[in-house]
Amino acid sequence: MPEAPEKQLPRKRGRFFEWLDRRTGIDSLLHEALDEPIPGGARWAYVFGSVLLFLFISQTITGVFLALYYVPSAISAHTTVAYIVKEVTGGSFLRSLHAYGSSAVVIVVFLHLMQTYMYGAYKGRRELLWISGCFLLGLMLAMAFTGYLLPWDQKAYFATTVGTNMASDIPFVGTWMKRFMRGGDEMGTLTISRFFVAHVFVLPGILIAFIAGHVYLFRKAGAAGPPSEDPVTPKLPTERFYPKQVVMDTIVALLMILILGSIAHFWPMELGPKANPADTQYVPRPEWYYLPIFQWLKYWRGPYAIIGIIVIPTITAALLVLVPFIDRRLERRPWRRPIAVGVFLLILAGFVGMGVMSIRDDQRDPSIAKQVAKQHQATEEFMREPFEPLGAASALSAPVVTVLDPVAAAGKKVFEAESCDACHGEGGSGGAAMKLTGQVAAMPAEELSKLLKQPNAQMSEGGMQPIAVSDEELKALVAYIKSLK
Amino acid sequence: MGAALAVPLIRFALHPLVATTTKIGWSDVGKLDEFTSLTAPVKKVIQVEQRDAWRKIISDKPVYVMPPKDGVVRVLSPICPHLGCSIPWNEEKQEFICPCHAAVFDKNGALVSGPSPRAMDDLETKVENGVVQVRYQYFRQLIPQKEPLS
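Line order of the protein sequences matches chains A and B. With positions in the first sequence counted from 1, the corresponding number in our numbering is that position plus 534. Residue 11 in our numbering is what sits at position 23 of the second sequence, and the numbering runs on without skipping anything.
Mimicking DSS-like on lysine-lysine, the simulated pairs with C-alpha atoms at most 25 Å apart in a straight line are:
1) B/K114 to A/K947
2) B/K19 to B/K114
3) A/K904 to B/K31
No lab work stands behind these hints, which were simulated from the structure alone.
Please work from the sequences and hints to get the whole structure.
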């Protein structure tokens, strides 16, 4: 029940608390944190900021734990994530919490932004508060982008290739920026180091600074209250942040844990096969919240690409940041701000529309739909396989070569000349197509050579062509496949 | 003081941009005889020896060998000049169709439609002792002319 502003209630203090308070001033700190007045009282609409803070803490903790096992290099990144997912106790659950947590952050950031915008809570000397929030949104998206590459699986590799290439279109510094992000012209081990450093050190550091600034500016301006409230001099009776708003925030945060935990438990995040840059069949798709931008890029052709990739997104971002300077009236009620609300809804509809069209385009194109299904199958197959430690066939092909007999060594040449490795991976370790180590290598030579000459229906469906080589070469190829471990 | 420290820090972070990269040499694609009777582009995986920062790698790079004209073999890079996705050859439609933003190239690699600013990029090729060789390169994306990266 909202109550009039009042003097601080006397607290029951124990001797230990008094001892602590004299040394730390904790009493006034708690008072500052918990007795914040909310004009018009606590509401469910105000929970998003606190939930974001909770999610940030959750992402930090799960991230720190994942870093216990993750090693950022092109040699080890994928294997260490596979180790986390397939071997480490609770690893799949923890990684899923972290990965789904990033989606949750994007959703809640958006809800927070929408609530603030619709309630006109950026008005009344809150420009810097709003701008710091916009920077936080950008930082969160940068966290999502840098984190996406780290598993170094197929989707991570190809989505980041496209993402970093987009920077090329920035006038004058574009190519330089792309090279700076990648640590060279190509995606390689330095790209992982750089994305890791950004994701784990640089961006979280900046995020913490901005979160502190955002909370400070929020407390300085005070809670805006409902849309009917005066944004400069609140008139409604206030209610303290503690207990009701704290309870509401906690309930939603707990609900968040429950939802994320359930998704992570029942639908753990999958890891695809290791990135294979030689795969030309792979259909890369970004994470769902980048799909609208992905679709948008299809429409900007040739010299106009710069308009679509750089100019329009920059103008949109600038408009968002400058909203408090553009919409300067003190009127906060959404139904009295038709232009502001209309523009927002229009952009929102555009985003949703683009996302839906992207999904629809993929479903309508049979070749894309087929390839996406194949990729999904490859991911599922990879997830079913037991963990293969580094040093085995998949990681280093050199030791395998040294122990080959001459016939198998000749077969390796056929394997490469026929581009078998493009789909089946280096050393037959698997890629877009099934791995050849294990069950396939254990098949009788006769059966194997028959299948190579005449692939069965399932193989043909997967894109396998009959091998057209001499009998001698076929024999060598079979010997090589059988030597794979 | 801070500015003085910034100089070595910035130089340290920018090292990969100024470091001299090892020049990529010629890679074998296959015997010329293999390609003389081609009627459609064929994908080949070549091996390129290169440095990836602190490690030496032999990386697999896909390329497309095109049906020869007047005995000359052309080799195309599969990297889309738009945003760098790998382009597959669509046997059914006899076209290269980029799976990302739907750029379409004909069987010679010429641009048909979509957001790509130019045709697919030709790679430098030569024939030595009856073997087709190619020098693998990356080209700058999103610009109408072909411009090799270092």
